[in-house]
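Peer 1: Chains as they are written, first to last, in this note's numbering: chain A, 1 to 175; chain B, 176 to 826; chain C, 827 to 960.
Since the hints were made in silico from the structure, they are not lab data. In this text, a Cβ means the ideal position worked out from N, Cα and C, and glycines have one as well. There may be inaccurate statements among the hints.
[As the list claims (entries may be wrong)] Using C-beta positions, here's what the derived DEER-type ranges look like:
1. B:Arg373 <-> A:Leu7: 17 to 25 Å
2. A:Glu86 <-> B:Pro256: 50 to 58 Å
3. B:Pro651 <-> A:Ser24: 48 to 56 Å
4. B:Ala553 <-> C:Pro852: 35 to 43 Å
5. C:Glu910 <-> A:Pro53: 50 to 58 Å
6. B:Ala553 <-> A:Glu161: 24 to 32 Å
7. B:Pro294 <-> A:Gly17: 36 to 44 Å
[To be verified] Calculated Cβ distances over 10 Å to all of chain C for the following chain B residues:
8. Gly413
9. Val528
10. Val529
11. Ser721
12. Thr745
13. Gly804
[Said to hold, decoys possible] Residues of chain A clear of chain C, computed beta-carbon distances all greater than 12 Å:
14. Phe9
15. Ser33
16. Glu58
17. Ile100
18. Ser112
19. Arg120
20. Leu126
21. Leu167
22. Gly174
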Amino acid sequence: MSWRLWLPFMVFFGFLGLAAYQLSQPRDEFVKSAMVGQELPYFTLPAAVPDLPGANSEDFADGKPKLLNIWASWCLPCIAEAPQLEALKDEGVEIVGVAIRDKPEDIARFLSDHGNPYTRIGRDDLSEVQLGIGSSGVPETFVIDGKGRIAYQHIGDIRAEHVPILLEELRKAGR
Amino acid sequence: MIAELGLAALWLAAALAALQLLGGILALRGGTESDIAGLTRPAAILQGGLVALSFGALLWVFAITDLSVKLVATNSHTMKPLIFKISGAWGNHEGSMLLWVTVMALAGALIAGIERRLPERTMQATLAAQGFVALGFYAFLLLSSNPFERLPQPATEGMGLNPLLQDIGLALHPPTLYFGYVGLSVAFSFAVGALLTRQVTPDFARAMRPWILGAWVFLTLGITAGSYWAYYELGWGGYWFWDPVENASLMPWLAATALLHSASVLASRDALRVWTIMLGVVAFSMSMLGTFLVRSGILTSVHAFAVDPERGSFILFLLAIYIGGALLLFALRAGAINEGERFSVASREGALVVNNVMLSAILAVVLLGTLYPLLTEAFDVRVSVGPPYFNPVGAIFAFPMLAVMAVGPLLRWRKDGFGRISKEIALVAAFLLAGIVLLGLLFGLAILPLLGLSFAIALAVASFLPLRGRKLRRVPIETWGMVVAHFGLAISLFGMASESAFTEEHLAALEEGGATSVGPWQVRLEAVEPVAGPNWTAIAGRMAVSYEGGEPQTIAPQSRNFWAPPQQTTESVLVTRWNGQLYAVMGADNRGGRYQLRLWWKPFVTFIWYGGLIIALGGILAIIGRVRGDLKRRIVRRKVAERRAEAEALA
Amino acid sequence: MRALFAFLMALVALPLAAQNDIPPAPYAYRQLDDPAQEAAAQDLMETLRCLKCQSQSIADSDASMAGDMRHQVRIRIAAGEEPEDIRRWLMDRYGDYVSYEPVMSATTWPLFAIPVLLALIAALLFWRRFRRRA
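For reference, chain A alone in the conformation it holds in the complex:
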């Protein structure tokens, strides 16, 4: 019956291994969207600024892969990723913006300060699109293939090293 006396030690040993492993892992607090691989849910969003159209889910079904960028003028990392979005735009990528809980005048100021990489910007005042595609923060960027399917999710601001990854994902989605 002495194996039973070893049980606490074994359980503890298991915990120790797990805890040591987790401590050695970088902590990521990201909640991944379970919608990757799924159809983009239906939505229509009103225009966020007068000179650009709003965003619709149907816009994504025109055969060309696009980026869907969840952002907001009040979000600091969004400023950090603005140059990378510009770079992607220069590569010929079409970027549709979804502005979360934002005011038109703030959006306009952000675009004039940090550049406008977007072809369309929709206003999402109730985070409906954000909830609909399983995004849990700003900024997040989704690759949508030409048929309106979500192909890839990037969480957090886009750094310079992420640009080639996104371009590659867009290329894959285009096949």
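Guided by the hints, dock chains B and C onto chain A, whose structure is given.
Peer 2: Okay, now just chains B and C, sitting in the frame of chain A:
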């Protein structure tokens, strides 16, 4: 100078801890007569004195705000009130570690000084274990977090003048927890000592018991206060979220509760030997584990604040050595320890075994639910385990335990029959059934609150049954302790069940002058006024509230905006009546002159924390009773010895 | 060790990381008129995790995203959706993480199996221990 003195005292104390460990080992190897073994007790006492000196030095440099000490410069400020300067000494990582070893070394000194019941070898082994545990913390302090480090150039002013941190609750809370944890570390040392010498006796349980009781009282108070704090500060009326940090404080409490009961079986009846040893190890493991979970930031918690993976690694390392070592020792040695006396199912021991198994099962459920997200994250899957899991799964084990708890104390030790207490069982069962039927018909409650209320009522009655037919004056204090603690649990349970069953919530958007109601309360928003503090501005909603149309009272909850650092907080207002609390929160939002109010009427919610206090009071009574009993026994023993010596001298 | 210290610290000041001054969604702080529907919504909200916050349900959080999720829950309940369908809808988007109520699945079965096992062990323990002695 004072700081250097403190550091020197700390190094010396560490050396003495090493000596204490060595002496204990030699005593186990050779015998208790060798020279070094004889030094174990004095080493422990001297170590306690030195660490106290060291901690005193830290208090001193904080009190005079010696800005050449790095810790003071980063955590204090000349403009702080003295009380917060002093409490600032342990309001940081290094200082809190020093407080921990101080309490631990003082506890070690105390047992070295007064504990004479146990065989000397066991005592030596216990002190060696205590020295070993302390040594780890000394290493941590001296090698990686020296609290007395000097700055090359004294700072001109300290950096710690955050008024948010100047709070008496914050000042008193950590020490409360350390006292609890350290008490469990003493129990742990006793368990290891007994394992090493295989001497698990009733005396061992009696020596351990006051420490467990003390730890348990502090943990109870800590959890009660922490829960009230969360309730008051978070501004949404919740008092327990099953958050990892809360679970980290609950798990040692559950283990200590089980240990308390099994140690009392061992002390009175010399049964449950192996089990008590096991719980002694588990209880301290849980406090170390809780420390690790909180400090390493390995789990997502609403309460996690200053986390540091490096310190997490160190604590994990200590955890591995102490707990891993103790469990290894347990696996190797426990087989050689006899289970102890036998007993039948219908006996006090039988009931306490049920209590122990159920408490351990609840502990296992909490542990599983807390660590499970950690497990799945290793496979890159994120899950959440929350109240909808812990409440029902915990209840499966809690309610049977409560039922046994109601009648268990009425049973006699060793062998009894349920027939003898059939009247009492019938009485408790009648209360329980009447509660379920009446409350069920009257209010149509959900199953858990319904069972909770019914059990609370039945248990409140049952907790006094052990006093029936006895002269109250002659009931031992420790029995009163048990009665009071069990009654406290019933009160607390009643509060929880009532909060969950009868809380009324009302979210209102009111203009100035607008009125609304929640439960029996009428609420009128009379005016919204701006208020300014030292580093915040706020809007305060002045409200007239009246209970069932009675005399109105004025309250003014605030919504505050701090500017450095920018954050928004709500200052809720609680109006307490004997039968519940009105909880009012002012929202920041203002649309078209309408303000967001959050109002709750929570009948009997205060019983949750009153219950906690009553439980702690029961624990204190039990300590008084036990310590008094021990002292009496010691006096009797001495007198017997004196008489024998006299008789021998005469002969 | 500094558990409670840290704990209280975080309680006193929940930083609003990324703040925006758009008014909250209509039903973020407004109850449904039908008490039965509101009760159903409340029960559901208490079991959904706020994604932006640390370990809080959407019923206990001032984060704007939690407000938007409360709005979703309330309007969907008002439109006659079943609470479990709403949970399912969110879990389709955020996985098991969004629900505090673990649903039995390939990843969560041990959460349910282990307590059952514990109960069995407890029963076995009692039976063996006391049968021999009686």
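Peer 1: Evaluate each hint against the coordinates.
Peer 2: We went through each hint and held it up to the structure:
1. B:Arg373 <-> A:Leu7: 17 to 25 Å: 20 Å, holds
2. A:Glu86 <-> B:Pro256: 50 to 58 Å: Given a distance of about 53 Å, which is inside 50 to 58 Å, the answer is holds.
3. B:Pro651 <-> A:Ser24: 48 to 56 Å: 54 Å, holds
4. B:Ala553 <-> C:Pro852: 35 to 43 Å: 41 Å, holds
5. C:Glu910 <-> A:Pro53: 50 to 58 Å: 38 Å, violated
6. B:Ala553 <-> A:Glu161: 24 to 32 Å: The hint (24 to 32 Å, Cβ to Cβ) holds, given that Ala553 of chain B and Glu161 of chain A are roughly 26 Å apart.
7. B:Pro294 <-> A:Gly17: 36 to 44 Å: Because 38 Å falls inside the window, the suggested range holds.
8. Gly413: The claim is violated: Gly413 of chain B sits with its nearest Cβ about 5 Å from chain C, within 10 Å.
9. Val528: Non-interface label on Val528 of chain B violated, nearest chain C Cβ at 7 Å vs cutoff 10 Å.
10. Val529: At about 7 Å from chain C, Val529 of chain B fails to clear the 10 Å cut-off, so the statement is violated.
11. Ser721: 22 Å, holds
12. Thr745: 8 Å, violated
13. Gly804: Check passes; 29 Å lies beyond 10 Å.
14. Phe9: For Phe9 of chain A, whose nearest Cβ neighbour in chain C is about 18 Å away, the distance exceeds 12 Å, so it holds.
15. Ser33: Its Cβ does come within 12 Å of chain C, the nearest being 6 Å, so this is violated.
16. Glu58: 20 Å, holds
17. Ile100: 8 Å, violated
18. Ser112: 19 Å, holds
19. Arg120: 20 Å, holds
20. Leu126: 5 Å, violated
21. Leu167: Since the minimum Cβ distance to chain C is about 26 Å, Leu167 of chain A lies beyond 12 Å and the statement holds.
22. Gly174: At roughly 25 Å from the nearest Cβ of chain C, Gly174 of chain A sits farther out than 12 Å, so the non-interface label holds.
Violated hints for the displayed structure, listed by number in ascending order: 5, 8, 9, 10, 12, 15, 17, 20.
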